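Enquirer: Listed here are the chains, written in short residue letters.
There are 4 protein chains.
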Amino acid sequence: MTQTMTAVVKTRPEAGAVLERVPVPVPAPHEVLVKVRATSICGTDTHIYGWNAWAQNRIKNLPQVLGHEVAGEVVEVGAHVRSIAVGDQVSAETHIYDPRDLNAQIGQMHIGKGMEILGVDRDGAFAEYIAVPESVCWLNDPSIAPEHACVQEPLGNAVYSVLGEDNDVAGKSIAIVGDGPIACFAVGVARLCGMTNIFLVGMSEIGMKIGKEMGADHLLWVGEGNHKEYVLEHTRGEGVDVSIEMAGAPPALTNALDLLRRGGRFSAFGVMSEATVPFEYNNAVVFKGIQIHGISGRKMYDTWYRVRNFLSSKRLDIDPVITDIMPLEDYERGFAAMMEIPRRAMKVVLFPDRADYDDAVARRAGR
Amino acid sequence: MTQTMTAVVKTRPEAGAVLERVPVPVPAPHEVLVKVRATSICGTDTHIYGWNAWAQNRIKNLPQVLGHEVAGEVVEVGAHVRSIAVGDQVSAETHIYDPRDLNAQIGQMHIGKGMEILGVDRDGAFAEYIAVPESVCWLNDPSIAPEHACVQEPLGNAVYSVLGEDNDVAGKSIAIVGDGPIACFAVGVARLCGMTNIFLVGMSEIGMKIGKEMGADHLLWVGEGNHKEYVLEHTRGEGVDVSIEMAGAPPALTNALDLLRRGGRFSAFGVMSEATVPFEYNNAVVFKGIQIHGISGRKMYDTWYRVRNFLSSKRLDIDPVITDIMPLEDYERGFAAMMEIPRRAMKVVLFPDRADYDDAVARRAGR
Amino acid sequence: MTQTMTAVVKTRPEAGAVLERVPVPVPAPHEVLVKVRATSICGTDTHIYGWNAWAQNRIKNLPQVLGHEVAGEVVEVGAHVRSIAVGDQVSAETHIYDPRDLNAQIGQMHIGKGMEILGVDRDGAFAEYIAVPESVCWLNDPSIAPEHACVQEPLGNAVYSVLGEDNDVAGKSIAIVGDGPIACFAVGVARLCGMTNIFLVGMSEIGMKIGKEMGADHLLWVGEGNHKEYVLEHTRGEGVDVSIEMAGAPPALTNALDLLRRGGRFSAFGVMSEATVPFEYNNAVVFKGIQIHGISGRKMYDTWYRVRNFLSSKRLDIDPVITDIMPLEDYERGFAAMMEIPRRAMKVVLFPDRADYDDAVARRAGR
Amino acid sequence: MTQTMTAVVKTRPEAGAVLERVPVPVPAPHEVLVKVRATSICGTDTHIYGWNAWAQNRIKNLPQVLGHEVAGEVVEVGAHVRSIAVGDQVSAETHIYDPRDLNAQIGQMHIGKGMEILGVDRDGAFAEYIAVPESVCWLNDPSIAPEHACVQEPLGNAVYSVLGEDNDVAGKSIAIVGDGPIACFAVGVARLCGMTNIFLVGMSEIGMKIGKEMGADHLLWVGEGNHKEYVLEHTRGEGVDVSIEMAGAPPALTNALDLLRRGGRFSAFGVMSEATVPFEYNNAVVFKGIQIHGISGRKMYDTWYRVRNFLSSKRLDIDPVITDIMPLEDYERGFAAMMEIPRRAMKVVLFPDRADYDDAVARRAGR
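Residue numbers (the working numbering), protein chains in the order written: chain C, 1 to 367; chain X, 1001 to 1367; chain Y, 2001 to 2367; chain W, 3001 to 3367.
Hints are supplied without guarantee of correctness; some may be wrong.
[Stated by the list, open to error] No more than 25 Å apart at the CA atoms, straight line, and that leaves these computed lysine to aspartate or glutamate pairs for DMTMM-like:
1) Y:K2288 / W:D3217
2) X:K1209 / X:E1116
3) W:K3060 / W:D3141
4) Y:K2113 / C:D98
5) W:K3288 / Y:D2258
6) X:K1314 / Y:E2233
Simulated from the structure, these hints should not be mistaken for lab results. Everything numeric in this text was worked out from a predicted model, so none of it was measured.
Whole structure, please, built from the sequences with the hints as guidance.
Expert: Given below as structure tokens:
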């Protein structure tokens, strides 16, 4: 007899998703079955939920369980699984990479070809259970709360964006242009990693407020004042050592490059709404002798290793960014909060099991 | 009694320059006086000679001796000079950097602020003698012929472009987009440094011919065939590990980024004619996870150190790129050759002293 | 009916090995079966063959087929194999790594824990067929001759030793201390990668002769002359930029560190016969501000990628190092040649199939 | 009329030093005259004060003013000085480097040849005034208190040791072996830079107490317990990512290497009392594939840049390490405190001007 579970499922090629009973997945020999303890809503999920042009083009196999940011407990392991045992606390890297791809073979598994993506190409995490390949399971430290463990993917984006490929941040200054959840995580990471002068450029009340709580030294509001002049004034006339574009908008890109000092490093994280953007190539790149690091996903498993250490050591407090927690069944409210304009929510965490939700409520009350 | 010398001087704010007798410069206490044995024409010199918009805006102090690529012998040293002696063979880095600038202090002296440039901000090298600060003198190995020693600056551009900031080239593939003299040098450097698959993209008969002589494995003509398809076919479907833009044109930029594999490195060397260029930011940078290194000048003195070793070891033969040698007095012919369209000359070397010219002629005859 | 094949098998815990018929291995679902076209003798093989103290302690499962350096053609693939097909030309990385080990997860799969080693922990390559996991198969370019493809492992050691972790070798000088086959490969790699001043320190006629053929600029004989003085004289008084210890002897270590310039990089490759060696720590390491890179195996699969490019491009000629080729059945002669003192052979390549041997003989005659 | 000042002077080749009136130095054209506001006692000073074997051999020019760790205000600038003005707050890098030395030219000015050292080769900072070359002046942020600004050199040692040449520390673990003042600074730096698991290995009550205050997570007492077992237990069985030897003793070196994980980085900072130490080369370096970075002085001016940012941002509180402050005239008490065994003092700061001392007392009272 097939067991069933509750899941948030995209059943039809239109906006929305339904809560329904579906079969519990059966893990393949190289997979594990995870009881989901917490799962959070990513921007990608809102695209699929809202059924925008990208989603219409990308999502092939309906019906499909949504979601991919996850923390849970392993309840069953496939016959070939060796490194994971029942009872382990795990999260999953969404990008199921091919270890035989050239990029994976030379240390860039996060940008390999032909990757299968959880919640996009196969059933995701907005459910009581999810099956994931052993190869993308990440062992969590049991001391990390589920609502923290499930956001390690976006936190990993922030870590990769801040550290770039050179990891050279200690004692340096940074401008983070954008004020969404990953930008707010980035502020916290920059602060934790010894960056001594953190400029957050944003436009939302909530983003700037949380960015401040996460450790931003300076808040620069879009459309107000002369950002460059201000930054030069506070960096002995040099500009910042590192800047990051996290807003996905051409003016943000221009600003981020403009605030950077000669010879600085720029992390290109935000995805522009247009395929082609105008770019001050000569002045911003060539003459200034800067480096640009394209940030796609997060370096596997380098960022995961650091993130686990950040969280298990309690050095990094990410609670301010987790603005909403709720039972899985309230997912419609969660999506609404995420998609509201102006932005009201940052990270929304869903709990399939009511007991996990109650625990999280208690933890947050006790902060 | 002031001694005089022959020099190519820009005397008036208009196209051209005149050969005239001017006083031999008197070196300041921190400078040395160099008897010029060979000096070569750079693109910058043609801008000033031709008096284009950039030159009209940039050149402040006429009359001024042109030129900055130089090799010569020290004939006098200022009172404070300690590391250079009369009789030393030297070249000069054109960018007179400020050692107290932040960039210089943290290992980026080539992109410091407020640099004075030989032949642009002060008298240059198209003369019998030039005075240069000790701080930018580079000791040449006496075994290097003057016509080779004087092109170390553009050769250094090529070295910095090929090696980038990571120096990671051995056993890798490269696409060099552009076929001017620095691109041809870059081919030779790539070949010498163990790059195993070298694609040269160009449009001039002479550039492609010399690029081939310098070691290009594949010649891709602009406007002919599908470059990307060709490169994928010859790189097991990946694209090149490294690409360089050296043509200074938006289509070349697009092409150079397009030929690059996921996770590859791109050196941004060419200066675009427009300040702002359209840029496939999402697909070319973010999703591909590439690195872009802005290449301004050449890393001081890292590239000089390598270039001296390349030349003194005889590992690198740059003679094919030196298409024209002539006495200094024939400078008008030299400029004409450099400015002809389509391009007929690559590097043009001028010799103030007839004996040096005769020696060079003999050396080249004996190749 | 089980098929059988000829193999060189260690049957008993004593010196020697026998040629006998054994069953052709049956590949597991994640393995491929390779018809061996060439296989070469490594120092490790001589330890096992000679049954020294290390081998007695290390080898657990007799009888076992010897050998691990291999090139061959895939004749059968397991059910789970996706990236390799019948007919592919492959070699194998000897270290069967665990992708779930922390080191493997953060880009250091070559130094992971609990690796199984071909020819040491399981049946090896001195046979007509060998079964290897897909995860350690490396696709060879079909243009590479079997006798070249099978030595990619030791060649990879040389590449990793020369390039180190920084890959910064172009235009630099190097001292290679040791004159065995990997040292000779290292000379060729250094030469190919643009190192402009190559000092080989050795003591055997054959090593120095082949080192010279591979491109050494200077031969420094152990016990003759003042090496440091000589190197300073040829490096403008600085010492070499890079040095490598490949002899596995304390005096060689002292010498390699002594020849290095201030701020240089040292690759520690050779294994000392004593666990503890005396070390001039203050002067050689601290005050000189050098970097030491421990070289264990070869970086997977970074070095394999470069080696394939070196060989398929024909940029690197390694024939001088392959001193002996013979049919597999002559293995006793091969081992004798490898173990002779003073050294007479460098790499010895064995061919299970007579036709492959004949082809190799013809290729070498035609050089 | 020559002006005079009070200074602590080594007058005779024997232990001790005297407080006497000496002429105020006259700055050379490339030097500035600094009114000393705070100066601290370094281990080197105690060697010279105590007149040990090293000092007897090294110090050539008595009488000489002692000291080199300094913060002060510029009161006069030489004729050639351009980047420093009267009124500037400055510190000085002790190593007066030669910008024309190869190491300086390629970004390693801290390990150049033939450097002149303040307080060793020429008059130092234990005085009302000191003359220093512009080239080693470092502009302090005026917000930094003199007792903090004067210890930037040893703090820079700590920064260089923790960050090494790769700057890769965020989210990583570290073992700091040694518990002197630089080790305590290193703990603070590691903590500030996002290291999530900090093991301090020491043997003094004061060192361990201050190390704890600076942020150590674990205190491992020399001679107590099994350090390796403990570290493995707290690093998921891997060992630390980074370890540093700061005790200058062979057992500390062995321990520091032993605690390091496979593929980790080791900073070699401590100077051993013996020139040659026994070293577990095979197991600690080669097989583990580690990197060793020799740390001599501090990277100029990379570390100074970071240290200024650490201090001016108030991110780093170094007051716990500054155990003693006193007027310059009490220098004998200061040296006694520094040289006591067991150690009782960490950094001792001296103030030539009573008003500066009183200010510092007030600041520390107000903490």
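Enquirer: List, from low to high, the hint numbers that the structure doesn't satisfy.
Expert: 1, 2, 3
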